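Peer 1: Construct the entire structure; sequences and hints are all you get.
Sequence lines, in order, name chains A and B.
For the first sequence, my numbering begins at 3 and goes up steadily by one.
For the second sequence, my numbering begins at 881 and goes up steadily by one.
Everything labelled a hint here was simulated from the structure, so no lab data went into it.
Note that the coordinates shown come from a computational prediction; the quantities given were computed from them, not determined experimentally.
Accuracy of the hints is not assured; some may be wrong.
Cβ-Cβ distance ranges computed for the label pairs, FRET-style [stated by the list, open to error]: (1) E177/A with G959/B: 48 to 58 Å; (2) P1114/B with D79/A: 35 to 45 Å; (3) P186/A with W1185/B: 37 to 47 Å.
Far from chain A by the CB rule (all over 12 Å, computed), these chain B residues [said to hold, decoys possible]: (4) K883; (5) I1118; (6) A1157.
Beta carbons: idealized from backbone N, C-alpha and C, even for Gly.
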Amino acid sequence: MKHIEVMVIGGGPAGLCAALAASSLGAKVLLVERDEIPGGQLVKQTHKFFGSEKQYAGDRGIHIGQMLLENVIAEQDIELWTDSTVLAIYEDGVVTVEHEGKHTKVKPDRLIIATGAAEKFLSFPGNDLPGVYGAGAVQTLMNVDGVKPAKRVLMVGAGNIGLIVSYQLKQAGVEIAAVIEGLPKIGGYLVHASKIQRAGIPVLTRHTILEAYGNGQVEGAIIASIDETWQPIPGTEQKIPCDAICLAVGLSPLTELAWQAGCAMAFVRELSGHVPVVDDLLESSRPGIYCAGDVSGIEEASAAMVEGRLAGLSAAFSLGYEANEAKALQQSAMEELAELRAGPMGQHIRDGINKVKLKRKIGNHAFENQTEKSGIVKDYSSDATNTCRAEIKTSLINDGIPTKEELDAIYPSDKRLTEGPIAIVECFQEIPCNPCVKACKRGAISMLRDINDVPVVDEELCNGCGLCISLCPGLAIFVVDKSYSGDMALIKLPFEYVPVPKSGHFVAGLDRAGRELGRFEVVRVTSGGDKNKTFTVSLAVPHDLVMEVRGIRIGEQAI
Amino acid sequence: MKKSYDVVIIGGGIIGCSVAFELAKRGRKDVLVVEQEYLTSGATGRCGAGIRQQWGSMLNATLALESTHVFENLEEYTGYDGDCGLNQGGYLLIAYTEKEWEQFQKNLEIQHQVGINSHAVPLDCIKEIVPHINTDGIQGACFCASDGHADPFHCTYAYAKGAQGMGVEIVTYTKVTGLKVENGRIRGVATTRGDIEAKVVINATGGHAAQMAMLAGDELPIFPERHQILITEPVAHIMNPMVMSFHRHFYVQQTPHGSVIMGMGDPNEPVSLNTKASWQYLEHNAWVVTQTLPAFRNLRVVRQWAGHYDMSPDRNPIINEAKSAEGFITIAGFSGHGFMVAPRTAILVSNYLTGQQDSLDISRFSVERYKTGELLLEPSVV
Ligand SMILES: Cc1cc2nc3c(=O)[nH]c(=O)nc-3n(C[C@H](O)[C@H](O)[C@H](O)COP(=O)(O)OP(=O)(O)OC[C@H]3O[C@@H](n4cnc5c(N)ncnc54)[C@H](O)[C@@H]3O)c2cc1C
Ligand SMILES: Cc1cc2nc3c(=O)[nH]c(=O)nc-3n(C[C@H](O)[C@H](O)[C@H](O)COP(=O)(O)OP(=O)(O)OC[C@H]3O[C@@H](n4cnc5c(N)ncnc54)[C@H](O)[C@@H]3O)c2cc1C
Ligand code: SF4
Ligand code: SF4
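Peer 2: Set out below in structure tokens:
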């Protein structure tokens, strides 16, 4: 039997950060990941992440995963087992692992469960036809295995996953018939929705899938509008021909190990299902077992990384490591979490966590034989975070296309527009994200209170250099230059498709709904660099269209 | 749920449900079954569900034989539209010691007396029944082709649905927390959903039976003992019979769907209501079974779990009306073979409660036997 101080189950962002944090305080760590390549969900996230600099916002998920993994490999005190699945956590604290083909036993002093989540499924006739996928599976096929999964896809679900995977399918040259969503509003970040709308992908809220049809494989789907009670409205059925249906209808925490370990569990809708109940240092009701990341509530990689770090610190600290330093580090991790969750998008997480918080137990934290499950105190006292932030109420929330009023409110003054280039930041929703603020070296972009605020451009400070365009993960920043020439204005926009246009090319200019407005000349193309990979394309358009053109299309492909 | 019933049955395992069915069939239909979780949540849903007639005591052999006949037509018998999964692939009992082999010969005599078609298998014929068995150390074996196993969930639902069809009520997630006894008679039960009056209360709570009986002042020698079991991934069929060794404490079968179920007794298992599985069991059972059946060495285990045997001192059921509470009847102490004898046991109890004749003498199962010394000793239990 192998003895280890801290064992971490799962090598996603939470697990990697937990291992790094525990070892940084001096603990010996064993990190076990069932996949060949650690990284969890990150290994397939080719888009740039939100959050703040502390959570590597603006970097692509895949790069964040690689960077964390390199750090783990470089750390001598972390032993990494890949292709190794944790099978069980027993009463006597023994954890068994299928490792190198053997039933291997480990006895850890502290255990961190960071097993992430699994995709939910939907029931409808035909859902067992080949061609009905989970969105995560499609993403793995495309981005990990390099397989184009289909020619034409219907995406079900307009949360972040549905929106992002649609965008990535489009990048891979797959046509998206539509993104449908049962709720009356888009659940994901609106900048993602805007991005796919201007690529010509319709987002239909209050729609559901009735059935999938096809002979031996998916040939199409029947969708319909639904009413307030989620009942299909007769007469609204539509046939959508497609060869794949992608379900992006949420994730459920992968909690089997926590159940088996006897951790107290609670059903919390806001956290997406049954979750282990933890205290503010992420220790569960079973002393010595900590939970971090999606396993204790579906959230984001940014939060998962911070939770992982907090759990790692807490586990090592409880073993007596770096007693002086640890407290301050724990405190700052808790503050980071509070900040990430402070906005309207974090409301449900705050509510969920407050419903079932474990009061900290004072005293012995040894992970010994299973003890009582008592000590669970529901703490309904609400977070001090303010809740009076604005939620979007206009049609923007339904289709991702800002209204005229919303746009007018953020446009620079006419005077400033005529003076020269200036950034237009079309980011209207309060999301935990701020790379734009860091991107502008002139300090022209600011947020009022914290990273959940919407960015505001100071028209005096901004000189229209365009640096921020390729650094915004939401692809929501454009630069407009009305001083370009007498009859033409310049629009600079972010671009992440292949082929990349060259200056001198004529391409179709598209409005915010993906409609073609004419063919315009590409004046300049700049690369964001090998890592960033986002290009900035400058297009010469007539003055009256410079506030309308927000995308381009090369050939038949709308982009 | 009403306030009052003729009969309240505590426990929704195979015993509680089969008794409810047989009572209703005999006209006592004002019956309520009270289950603290869901039907089959106790030993029934956790068991190996083996059906064996090769017993060493006359009583067990008879109960098992006559129960097997019921299992053979359980769907029709209860009007169930599902499949109870009976698979009569036989039981191969293997003897590893001289003494065991002698016992087997004696058992065969008893089995033949009650009409069970079991027979001894010479060493060189064992592989005809289980081709991949390792015969090292085996002294001999016995086989009965009409032994087998069934689906414990479907069998229980068959009885439950059949009973409900005749008017029996079943409530789940309702726990009996107390018994009401007045002037030496049972009057009803207290539950987490209120008090219920009853003329007769049947205690079919398996491993919890002694605790339950104590609430009526009846002290019974029934002890819960954890038994563990595991199931593998499904693979092509290579083994029809259940293979069982008393000496090595194991049993193993391949289900119709291809997965292999195996279990093992631990002679040092303490009395407890613990249902946690252990890694020690997992490794030990895998090792022991693959000594005898090496072909299973590369199978992947997909699940392991544990349940209780409701043990009695002579490893045979206790069917007992409490002296302290007339009308309170405990049916438990099955010592790991309550599934296979449930059909006949339910008939026996129901005949008694409806004043009908029965070829078996129910009083032999009473707890009195431990005073008189007329034990129902069963030599052949895993
Ligand atoms: C399409 C998509 C887009 C997303 N976009 C963003 C985004 O833009 N920004 C953002 O912040 N977040 C985003 N997320 C969310 C983010 O990826 C997750 O919240 C985050 O990965 C959760 O991290 P985790 O470590 O808790 O779990 P995971 O990343 O799921 O990692 C869990 C790991 O545990 C391993 N594991 C599980 N069980 C076992 C076991 N028994 N033994 C060994 N190993 C085991 C798994 O193999 C996996 O590697 C996105 C998610 C998806 C699906
Ligand atoms: C691992 C294992 C393998 C086995 N293999 C076999 C086999 O191969 N063949 C065989 O014949 N037998 C086998 N058995 C034995 C068999 O499972 C039992 O003898 C049989 O299921 C007993 O049925 P029962 O209805 O008496 O008990 P149970 O199925 O335990 O039912 C009792 C019910 O009472 C309920 N209950 C308890 N207290 C209360 C309360 N206060 N209020 C309300 N409800 C309550 C419980 O929740 C439970 O559902 C095995 C047992 C185990 C554990
Ligand atoms: S365009 Fe340049 S100056 Fe203006 S906000 Fe962006 S980075 Fe700052
Ligand atoms: S504009 Fe700023 S806050 Fe909005 S998505 Fe871009 S980087 Fe994030």
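Peer 1: Each of the hints needs a verdict: does it hold here or not?
Peer 2: Here is what the structure says about each hint:
Distance hint for E177/A and G959/B: a CB-CB separation of about 54 Å, consistent with the stated range 48 to 58 Å. The hinted window of 35 to 45 Å between P1114/B and D79/A holds, with their beta carbons roughly 42 Å apart. A beta carbon spacing of about 44 Å between P186/A and W1185/B agrees with the range 37 to 47 Å that was offered as a hint. With a minimum CB-CB distance of about 33 Å to chain A, K883/B clears the 12 Å threshold, and the non-interface call stands.
For I1118/B, the condition that its CB be more than 12 Å from all CB atoms of chain A holds, with the nearest at approximately 23 Å. Not every beta carbon of chain A lies more than 12 Å from that of A1157/B, the smallest distance being close to 7 Å; the non-interface claim is violated.
When the structure is compared with the earlier hints, a violation turns up for hint 6 alone.
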